[in-house]
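Undergrad: Can you build the whole structure from these sequences, using the hints too?
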Amino acid sequence: MRLLIVEDEKDLREVLKKRLEKENYSVDACKDGLEAMDYIEMASYDGMILDIMVPGKDGLTILKEVRDKGDDTPILMLTARDGIEDRVRGLDLGADDYLVKPFAFDELLARIRVMMRRKPQYTSNRLKIADLVLDRDTKQVWRAGKEISLSAKEFMVLECLMRNQNVVLSRSQIEQNAWNYDFEGGSNVIDVYIRYLRKKIDEGFDQKLIHTVRGAGYVMREEA
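For the sequence shown, the working numbering begins at 1 and goes up steadily by one.
Since the hints were derived computationally from the structure, they do not count as laboratory data. Heads up, some of the hints might be wrong.
[Said to hold, decoys possible] Quick list of in silico lysine-lysine cross-link-like pairs, DSS-like style, CA-CA up to 30 angstroms:
#1 K200 x K146
#2 K200 x K22
#3 K18 x K128
#4 K139 x K64
#5 K101 x K22
#6 K146 x K208
#7 K146 x K10
#8 K69 x K10
#9 K208 x K139
#10 K69 x K199
#11 K101 x K146
#12 K10 x K31
#13 K18 x K208
#14 K139 x K18
#15 K139 x K10
TA: So, in structure tokens, the structure goes:
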């Protein structure tokens, strides 16, 4: 899953980015609201973490503009103030949740998981196709009851494919979900990870789940 963090406190922004990446999230991070709107215009995110008090455009303004466009991306607001007024205004504008600084990282993770499940496609912690199961919370994957060990990037690519079951995804779409703007890989990096996944997920099984659509990309689906 790809997240956007908008936080002007450099140390907090860098710590959140680093720790969320260790939890297998793809993370973009910026320090002000104007930069945030550029990110939002150029990419599709599964969730956003917005600090209220950022320069350029504050978090509430970003929230309003995103919702006015009909974008229902889950948004968690961060605030250093414990007053009720900002929280009420944010919720009225369409925020999904609030977290008051300072906060425990484990609580942030829990709130992200809950926030994601409010979207129809994320109602379960587990994704399942045929006998393949992926648990987003524990970062575990099984096929036919046997656990499969995946690297962080393999997990992210597989999750992207499983969340879009039966949808053909281009290489750039998969790349946008699994990497951030700092990524400098070659044009065939997605092909490499698909090859890794096929060896771990499909090799030895009659029913193949990862399919190539020539000239278009890849799709995950059951085939008789």
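Undergrad: Give a verdict on every hint.
TA: Cross-check of the supplied hints:
1. K200 x K146: holds (11 angstroms)
2. K200 x K22: Holds - the C-alpha atoms of K22 and K200 are around 22 angstroms apart, at most 30 angstroms.
3. K18 x K128: holds (29 angstroms)
4. K139 x K64: violated (33 angstroms)
5. K101 x K22: holds (21 angstroms)
6. K146 x K208: holds (16 angstroms)
7. K146 x K10: violated (42 angstroms)
8. K69 x K10: holds (29 angstroms)
9. K208 x K139: holds (22 angstroms)
10. K69 x K199: At roughly 42 angstroms apart (the allowed maximum being 30 angstroms), K199 and K69 break the hint.
11. K101 x K146: violated (41 angstroms)
12. K10 x K31: holds (7 angstroms)
13. K18 x K208: At roughly 35 angstroms apart (the allowed maximum being 30 angstroms), K208 and K18 break the hint.
14. K139 x K18: holds (17 angstroms)
15. K139 x K10: Distance of about 28 angstroms is within 30 angstroms: holds.
In this structure, the earlier hints numbered 4, 7, 10, 11 and 13 are contradicted, and the remaining ones agree with it.
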